[in-house]
Amino acid sequence: MQLHSSLLNLRSLHLRVRHSLTSTVRHFMAAAELISPSNTRVGWIGTGVMGHSMCAHLIRAGYTLTVFNRTASKAQPLVALGAHLAPSPHAVAAHSDVVFSIVGYPSDVRSVLLHPTSGALAALRPGGVLVDMTTSEPSLAVEIAAAAAAKGCHSVDAPVSGGDRGAKNGTLAIFAGGEESTVKNLEPLFSHLGKVNYMGGSGKGQFAKLANQVTIGSTMVGLVEGMMYAHKAGLDVGLYLEAISTGAAGSKSLELYGKRILKRDLEAGFFVNHFVKDLGICLKECQNMGIALPGLALAQQLYLSLKAHGEGNLGTQALILVLERLNNVSLAPSNA
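89 is the number of the first residue of the sequence shown in this note's numbering; add one for each residue after it.
Hint data in this document are derived by calculation from the structure and do not stem from the laboratory.
All residues carry an ideal CB built from backbone N, CA and C; glycine is no exception.
Some hints here could point you the wrong way.
[Stated by the list, open to error] Here are the computed distance ranges between Cβ atoms for each label pair:
#1 GLY383 with LYS239: 36 to 44 Å
#2 TYR193 with GLY150: 31 to 39 Å
#3 LYS239 with LYS395: 34 to 42 Å
#4 LEU414 with SER195: 31 to 39 Å
#5 HIS397 with GLU330: 40 to 48 Å
#6 GLY368 with SER199: 27 to 35 Å
[What the hints assert, rightly or not] Each computed DMTMM-like pair below joins lysine to aspartate or glutamate, with the alpha-carbon atoms no more than 25 Å apart:
#7 LYS256 with ASP353
#8 LYS256 with ASP196
#9 LYS256 with GLU373
#10 LYS256 with GLU275
#11 LYS292 with GLU231
#12 LYS351 with ASP252
#13 LYS395 with GLU231
#14 LYS372 with ASP196
#15 LYS395 with GLU121
#16 LYS162 with GLU267
#17 LYS347 with GLU275
#18 LYS239 with ASP324
#19 LYS283 with GLU121
#20 LYS395 with GLU412
#21 LYS320 with GLU330
#22 LYS283 with ASP324
#23 LYS340 with ASP353
#24 LYS340 with GLU355
#25 LYS347 with ASP324
#26 LYS340 with ASP252
#27 LYS292 with ASP252
#28 LYS162 with ASP196
#29 LYS365 with GLU343
#30 LYS283 with GLU343
#31 LYS320 with GLU275
#32 LYS292 with ASP324
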């Protein structure tokens with residue numbers, strides 16, 4: 089009787105070990121299977137200036153895309169490319185393995201990802217991944233990661249830099265925070281959007297992007313101040329910009345916005361309203377850290393001036409308008 093009982097126990101142990109090994113093998117096989125159009129369904133929430141181009145790259149790469157935009161008509165060009173339009177973020181996630189979001193404000197991020205009935209996480213299957221590419225609050229990124237983990241899912245905060253041109257050309261700088269293995273697994277998707285830079289755990293992608301915005305804020309102030317100075321000195325501002333572009337004053341901001349400013353092209357590649365939001369988050373984090381960044385504070389105040397004049401939907405290069413008003417001077421439009 090004891091022998092029979094021991095044999096049964098051994099058989100039970102053998103079955104448990106075999107089941108465990110099988111599960112482990114399946115896990116590693118799944119992890120080793122690279123993301124590709126044949127095995128990964130992609131969702132996309134937010135098809136604005138940046139999101140439209142980014143989403144289009146993935147469609148052209150052969151991925152099946154389910155998309156949602158608050159204004160459905162803005163998603164129609166993507167539908168024409170082959171995307172499926174969903175009525176809610178929840179519906180996007182129900183048909184996706186990886187869900188990207190790039191929306192306006194932290195409140196929008198919270199709504200589209202964490203809302204208990206209409207949000208994406210509520211419908212995401214275990215093992216699914218949320219990738220938020222909105223510039224948002226680091227603490228919210230940590231909150232989303234914890235909520236995702238509680239459901240057996242993953243979350244990456246991956247805000248981007250490069251503006252509308254970077255989005256169109258697939259050359260964005262992507263700042264990723266979260267589990268490093270998850271970020272590496274997403275590389276086949278990120279590669280169509282730009283270069284991914286792993287910055288650390290959850291929230292670190294957001295911190296990196298905010299530091300990026302601090303740098304851009306002061307750079308844009310320097311760019312428009314230099315243009316104003318050159319104009320008042322009687323220089324040809326176009327020639328001046330060309331001359332400094334290969335020197336120490338050269339910058340991505342100059343490359344992206346110098347000629348646009350001269351042509352009076354103030355259309356948004358990145359909205360003033362969103363930049364004010366970003367710089368405000370930066371200042372809030374400065375207070376939390378106990379650090380003083382006076383250049384950041386000045387840039388934010390100048391951009392707030394644009395918003396106060398009803399110019400929040402212009403691009404960040406519209407900062408030239410603030411300097412023109414301060415000095416009662418207008419740079420003549422250029423056809424160069």
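Hint-by-hint comparison with the structure:
1. GLY383 with LYS239: 36 to 44 Å: 41 Å Cβ-Cβ, so the 36 to 44 Å window holds.
2. TYR193 with GLY150: 31 to 39 Å: With Cβ atoms ~32 Å apart, the hint holds.
3. LYS239 with LYS395: 34 to 42 Å: Given about 38 Å between the Cβ atoms, the range holds.
4. LEU414 with SER195: 31 to 39 Å: holds (33 Å)
5. HIS397 with GLU330: 40 to 48 Å: violated (30 Å)
6. GLY368 with SER199: 27 to 35 Å: violated (19 Å)
7. LYS256 with ASP353: holds (18 Å)
8. LYS256 with ASP196: holds (23 Å)
9. LYS256 with GLU373: Not OK: LYS256 and GLU373 at ~31 Å, beyond 25 Å, violated.
10. LYS256 with GLU275: Roughly 19 Å separates the two Cα atoms, so the pair holds.
11. LYS292 with GLU231: holds (13 Å)
12. LYS351 with ASP252: Between LYS351 and ASP252 the Cα gap is close to 17 Å, so the pair holds against 25 Å.
13. LYS395 with GLU231: With Cα atoms ~30 Å apart, LYS395 and GLU231 exceed 25 Å; violated.
14. LYS372 with ASP196: holds (19 Å)
15. LYS395 with GLU121: violated (48 Å)
16. LYS162 with GLU267: Cα-Cα ~33 Å, so violated.
17. LYS347 with GLU275: violated (34 Å)
18. LYS239 with ASP324: Violated: LYS239 and ASP324 sit about 60 Å apart, past 25 Å.
19. LYS283 with GLU121: Given that 25 Å is the threshold and the Cα spacing comes to 21 Å, the pair holds.
20. LYS395 with GLU412: holds (15 Å)
21. LYS320 with GLU330: holds (17 Å)
22. LYS283 with ASP324: Since the Cα atoms of LYS283 and ASP324 sit roughly 36 Å apart, the hinted pair is violated (cutoff 25 Å).
23. LYS340 with ASP353: holds (17 Å)
24. LYS340 with GLU355: holds (18 Å)
25. LYS347 with ASP324: holds (13 Å)
26. LYS340 with ASP252: The given pair, whose Cα atoms are some 13 Å apart, holds under the 25 Å limit.
27. LYS292 with ASP252: holds (23 Å)
28. LYS162 with ASP196: Measuring from Cα to Cα gives roughly 17 Å; hence the hint holds.
29. LYS365 with GLU343: holds (24 Å)
30. LYS283 with GLU343: holds (19 Å)
31. LYS320 with GLU275: violated (48 Å)
32. LYS292 with ASP324: violated (43 Å)
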